[in-house]
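Residue numbers (the numbering used here), protein chains in the order written: chain A, 1 to 205; chain B, 1 to 205; chain C, 1 to 205; chain D, 1 to 205.
These aren't lab readings, by the way, just hints derived from the structure by calculation. Don't take every hint at face value.
Unchecked claim - Cross-link-like lysine to any residue pairs, in silico, SDA-like; alpha carbons within 25 Å at most:
1. Lys11/A with Arg31/D
2. Lys159/D with Lys35/C
3. Lys45/D with Val163/A
4. Lys159/B with Lys35/A
5. Lys159/A with Gly51/B
6. Lys64/B with Arg10/A
7. Lys35/C with Leu41/D
8. Lys159/D with Asp187/C
9. Lys205/A with Val196/B
10. Lys45/B with Ala162/A
11. Lys35/D with Lys35/C
12. Lys35/A with Lys64/B
13. Lys159/C with Asp193/D
14. Lys205/C with Asp113/D
15. Lys11/A with Gly182/D
16. Lys64/B with Lys205/C
17. Lys159/D with Val204/C
18. Lys35/B with Glu101/A
19. Lys205/B with Val163/A
20. Lys205/A with Leu149/B
21. Lys11/C with Gly51/B
22. Lys11/A with Thr43/D
23. Lys159/D with Val180/D
24. Lys35/C with Tyr58/D
25. Lys159/D with Pro188/C
26. Lys45/B with Lys35/C
27. Lys159/A with Glu101/B
28. Lys45/A with Leu41/B
29. Lys35/D with Arg10/A
30. Lys159/D with Asp183/C
31. Lys35/A with Glu138/B
32. Lys205/A with Pro161/B
33. Lys159/D with Arg10/C
34. Lys159/C with Leu41/D
35. Lys159/C with Glu135/D
36. Lys45/C with Arg10/A
37. Lys35/B with Arg10/C
38. Lys205/C with Thr43/D
39. Lys35/A with Ala49/B
40. Lys205/B with Asp160/A
Residues per chain, in single letters:
4 protein chains.
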Amino acid sequence: MGPRLRTAPRKQPTQARATATVEVILQATARLLGKDGYDHLSTNKVAAAAGVSVGSLYQYFPSKEALVAALAERHRERVMGLVLERIAAHVDSPPEVAIREIVRGIIEAHGRDRALHRVLSEQIPRIGKLKTLIEDIEVHAAGAVRAWLERRPHGVRVKDPAVAAFIVSHAVEAAVHAGVLGDAAIDPAVLEDEVVDLVLRYLVK
Amino acid sequence: MGPRLRTAPRKQPTQARATATVEVILQATARLLGKDGYDHLSTNKVAAAAGVSVGSLYQYFPSKEALVAALAERHRERVMGLVLERIAAHVDSPPEVAIREIVRGIIEAHGRDRALHRVLSEQIPRIGKLKTLIEDIEVHAAGAVRAWLERRPHGVRVKDPAVAAFIVSHAVEAAVHAGVLGDAAIDPAVLEDEVVDLVLRYLVK
Amino acid sequence: MGPRLRTAPRKQPTQARATATVEVILQATARLLGKDGYDHLSTNKVAAAAGVSVGSLYQYFPSKEALVAALAERHRERVMGLVLERIAAHVDSPPEVAIREIVRGIIEAHGRDRALHRVLSEQIPRIGKLKTLIEDIEVHAAGAVRAWLERRPHGVRVKDPAVAAFIVSHAVEAAVHAGVLGDAAIDPAVLEDEVVDLVLRYLVK
Amino acid sequence: MGPRLRTAPRKQPTQARATATVEVILQATARLLGKDGYDHLSTNKVAAAAGVSVGSLYQYFPSKEALVAALAERHRERVMGLVLERIAAHVDSPPEVAIREIVRGIIEAHGRDRALHRVLSEQIPRIGKLKTLIEDIEVHAAGAVRAWLERRPHGVRVKDPAVAAFIVSHAVEAAVHAGVLGDAAIDPAVLEDEVVDLVLRYLVK
DNA sequence: AATGAATGAGAATTCATTCAT
DNA sequence: GATGAATGAATTCTCATTCAT
């Protein structure tokens, strides 16, 4: 599905100055990506916006894709961290509480860096290597949900925890994503109630 | 958010030869889209792959986006047609039956032209006119679900049909999409049962 | 010795207009190559000097190397033609006459398009695929000389015609090349006498 | 004819460590020159391949050309040394002996570092300072031959020693170069006999 | 209707070289 | 002496689009 693109970071900055350069480049990437979209992004524009030379950019990123990949990877770490942490915090809470807290965590995670999150989620599937990244997230998330389900055999009514985890994680992600980031945004409190309801009725009651 | 894009088809082919040309162009577009991705698609390549001249291509499609839009539009019509038809056929069926039939319709729709469906959903940039196209589909689907809900005030337990339709349509689409097209495909019968369960418990019981 | 470079011509011009474009591009290449040398040649400069767009250039030549390769191939045909013709015309002339005429032909061939000849011969070895071209010439030339030798077993004193042809063709080419094109050019008449002497004494007397 | 190039070595390494650095850089240059060719050589690549920083490279070589010039100069010294030494050793030998020894010396010189020799002769652009370097060699060699000829007015039959030296040195170099380094290499003993014959008949008998 | 030659703005990318540390 | 981050002009090359034939 698309040719292989070079997304591997080119070299690690070792000096502090270099780290700052990489930082400033990624920030400019995020800004332009949010403003103009992926297609209108160009390495020259990014470099100019970051106030560094193109040469410096290419010292660290071999291509436009690599730029976006690095940004996505960073973002993924933050978002997944927030959600997994919430799941971990509620391994032993009663389902009603756990589910509400986790759903709220997901809604919050989508609320952070909305513009960046939106543009990344839209563009990522098109960027070869990044498909893997998004799949990692899904597998990761579904895995966590499954583990959560398997810990409470009596509290849930589900036959196959793997399938249920798969269904639930995709359904929740999509509903929250659309509800928070879509053009027709939904009031977060309502969204939370409804999604919790969706999940609770499917898994528990 | 990008320059103004012309996506309206330029003219309708009237002669049989012209229809064949359009057909061959769209097929080449689909093929290249799958092979190289949207970014590496080019009108020249499409024309070459289709065995026609660029000039001929521009006779029918005013831009690269129009090419992809036409392909997507075509596919949308088939898929949405199948689903809306299923919804229409079950306006008055009992919820259990209606929901199962509709879900089955959605699963079937995703099964048709799997490769094309996957490519379109991954490769279409979610900006410009193409973005609108995609959002239209979502709004359309949610609208149909909402209408369906509003027809049966006593059969469903939902407070706000608009919100419920929104949640449900996104959740179902995502679960089915991932279940049918994802790397870890799920047995269609199991998928059907689980998605029906998800919807039924949320909307009805 | 050096990476493989794309030197194959990209597409054949079919319309008269296209043929003219190719012609004008090659002429500009020759001009710039003679004036600035290979390293200072660039596709943009060539296009500008030819009065066509870069795009047109790339329609026919995939790289800078291809440009030079096409030029070299053309030049080779002319030069080799002139020399082989001279050899053919004197298959049956007495050695003294034949050798003088052939040597004169080679000197004349080097005299045509001196600047182009000089720059091509200097740059060709560096351009991957073109090594073959130059070797072709040598093999070709040595072959013709050998055939010439083998036709007159009694007139020549040579043991192994293949070796003698090899030695003679390289020696003559180098002496004439340096004598005609070198910074310290030699009077053509003197050059002719001396080279004829060199060859005649080696092969015949 | 190209910008002014600085090819003079920047400074002499004085410490042992520095000498080793220079050595390692030149070796990397030779390796890359053989692998990628002159055009694809870059100071950054050379530094990386040599395991030193670009900064260090520029400490000793002020430009890319200087790098190649140093390599060529080194090789030239070895090769020319061997040949001139042989010429000097036979100033007073009878022509048959002298010529045979000198030709043998030239063949041996081409046999040393064949790969490097081939690469240098093919890849060095014949422009700018590097051109001069090459011409120096030719002039030097022709000069030595001329001096040798002028010392023995009675032993040789040549009218103009300068012209004869010019012809002979180019002819011999070309024949030996092709015979030793060409794709169709010739047995060194045969090569020696034939080249000696060529020279002897032209100059002496 | 169809062709395909031509365009040229603009994107990606390299690389010799400098200089602060 | 050595390092390697930074530079940016220059170059290669693509591609959507037009238009004469």
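Going through the hints against the structure:
With a CA separation close to 24 Å, the supplied pair Lys11/A and Arg31/D stays within the 25 Å bound. Proposed proximity of Lys159/D and Lys35/C is contradicted: the alpha carbons are some 37 Å apart, above 25 Å. With a C-alpha separation of about 52 Å, the suggested pairing of Lys45/D with Val163/A is violated against the 25 Å cut-off. A hinted pair counts as satisfied when its Cα atoms are at most 25 Å apart, and Lys159/B with Lys35/A does not qualify at roughly 37 Å.
The straight-line distance between the Cα atoms of Lys159/A and Gly51/B is roughly 53 Å, outside the 25 Å bound, and the hint therefore fails. The hinted pair formed by Lys64/B and Arg10/A fails the criterion: a straight-line CA distance of about 32 Å is larger than 25 Å. A hinted pair counts as satisfied when its Cα atoms are at most 25 Å apart, and Lys35/C with Leu41/D qualifies at roughly 24 Å. Simply put, Lys159/D and Asp187/C have alpha-carbon atoms about 15 Å apart, close enough for the 25 Å limit, and the pair holds.
Annotation: proposed proximity of Lys205/A to Val196/B holds, straight-line Cα distance about 16 Å (limit 25 Å). A C-alpha spacing of about 43 Å is found between Lys45/B and Ala162/A, which places the hinted pair above 25 Å, so the restraint is violated. For the hint linking Lys35/D to Lys35/C, the alpha-carbon distance of about 29 Å lies beyond 25 Å, and the restraint is violated. Between the alpha carbons of Lys35/A and Lys64/B the distance comes to roughly 22 Å, so the proposed pair stays at or under 25 Å and holds.
Only pairs whose Cα atoms come within 25 Å are accepted, and Lys159/C paired with Asp193/D is accepted, the gap being roughly 11 Å. Proximity of Lys205/C to Asp113/D is assessed by CA-CA distance (about 37 Å); at most 25 Å being required, the pair is judged violated. Proposed proximity of Lys11/A and Gly182/D is contradicted: the alpha carbons are some 42 Å apart, above 25 Å. Between Lys64/B and Lys205/C, the direct Cα distance comes to roughly 76 Å. Violation of the 25 Å bound is thereby established for this hinted pair.
Our distance criterion of 25 Å between C-alpha atoms is met by Lys159/D and Val204/C, whose separation comes to about 21 Å. For the hint linking Lys35/B to Glu101/A, the alpha-carbon distance of about 42 Å lies beyond 25 Å, and the restraint is violated. Restraint check: the Cα-Cα separation between Lys205/B and Val163/A comes to about 22 Å, which is no more than 25 Å; the hinted pair holds. Proposed proximity of Lys205/A and Leu149/B is supported: the alpha carbons are some 23 Å apart, at most 25 Å.
With a CA separation close to 16 Å, the supplied pair Lys11/C and Gly51/B stays within the 25 Å bound. The hinted pair formed by Lys11/A and Thr43/D meets the criterion: a straight-line CA distance of about 18 Å does not exceed 25 Å. A distance of roughly 31 Å separates the Cα atoms of Lys159/D and Val180/D; the hinted pair therefore is violated under the 25 Å criterion. The straight-line distance between the Cα atoms of Lys35/C and Tyr58/D is roughly 30 Å, outside the 25 Å bound, and the hint therefore fails.
The suggested pairing of Lys159/D with Pro188/C holds, with an alpha-carbon distance near 16 Å, which does not exceed 25 Å. Between Lys45/B and Lys35/C the CA atoms are separated by roughly 37 Å; this puts the pair beyond 25 Å, and the hint is violated. About 22 Å separates the Cα atoms of Lys159/A and Glu101/B, which keeps this hinted pair within 25 Å; it holds. The suggested pairing of Lys45/A with Leu41/B holds, with an alpha-carbon distance near 22 Å, which does not exceed 25 Å.
With a C-alpha separation of about 23 Å, the suggested pairing of Lys35/D with Arg10/A holds against the 25 Å cut-off. Restraint check for Lys159/D and Asp183/C: satisfied, since their Cα atoms lie roughly 22 Å apart, inside the 25 Å limit. With a C-alpha separation of about 24 Å, the suggested pairing of Lys35/A with Glu138/B holds against the 25 Å cut-off. Taking the CA atoms of Lys205/A and Pro161/B, the gap is about 22 Å. The hint holds against a cut of 25 Å.
The suggested pairing of Lys159/D with Arg10/C is violated, with an alpha-carbon distance near 54 Å, which exceeds 25 Å. As the CA atoms of Lys159/C and Leu41/D are separated by approximately 45 Å, the hinted pair breaks the 25 Å bound. Taking the CA atoms of Lys159/C and Glu135/D, the gap is near 35 Å; set against the 25 Å cutoff, the hint is violated. Our distance criterion of 25 Å between C-alpha atoms is broken by Lys45/C and Arg10/A, whose separation comes to about 32 Å.
With a C-alpha separation of about 23 Å, the suggested pair Lys35/B and Arg10/C falls inside the 25 Å cut-off, and the hint holds. Of the supplied pair hints, the one linking Lys205/C and Thr43/D is violated, its CA atoms being roughly 55 Å apart against a limit of 25 Å. With a C-alpha separation of about 34 Å, the suggested pair Lys35/A and Ala49/B falls outside the 25 Å cut-off, and the hint is violated. Using a Cα cut-off of 25 Å, the hinted pair Lys205/B and Asp160/A holds, with the two alpha carbons roughly 21 Å apart.
Hint check: violations occur at hints 2, 3, 4, 5, 6, 10, 11, 14, 15, 16, 18, 23, 24, 26, 33, 34, 35, 36, 38, 39; the rest are consistent with the structure.
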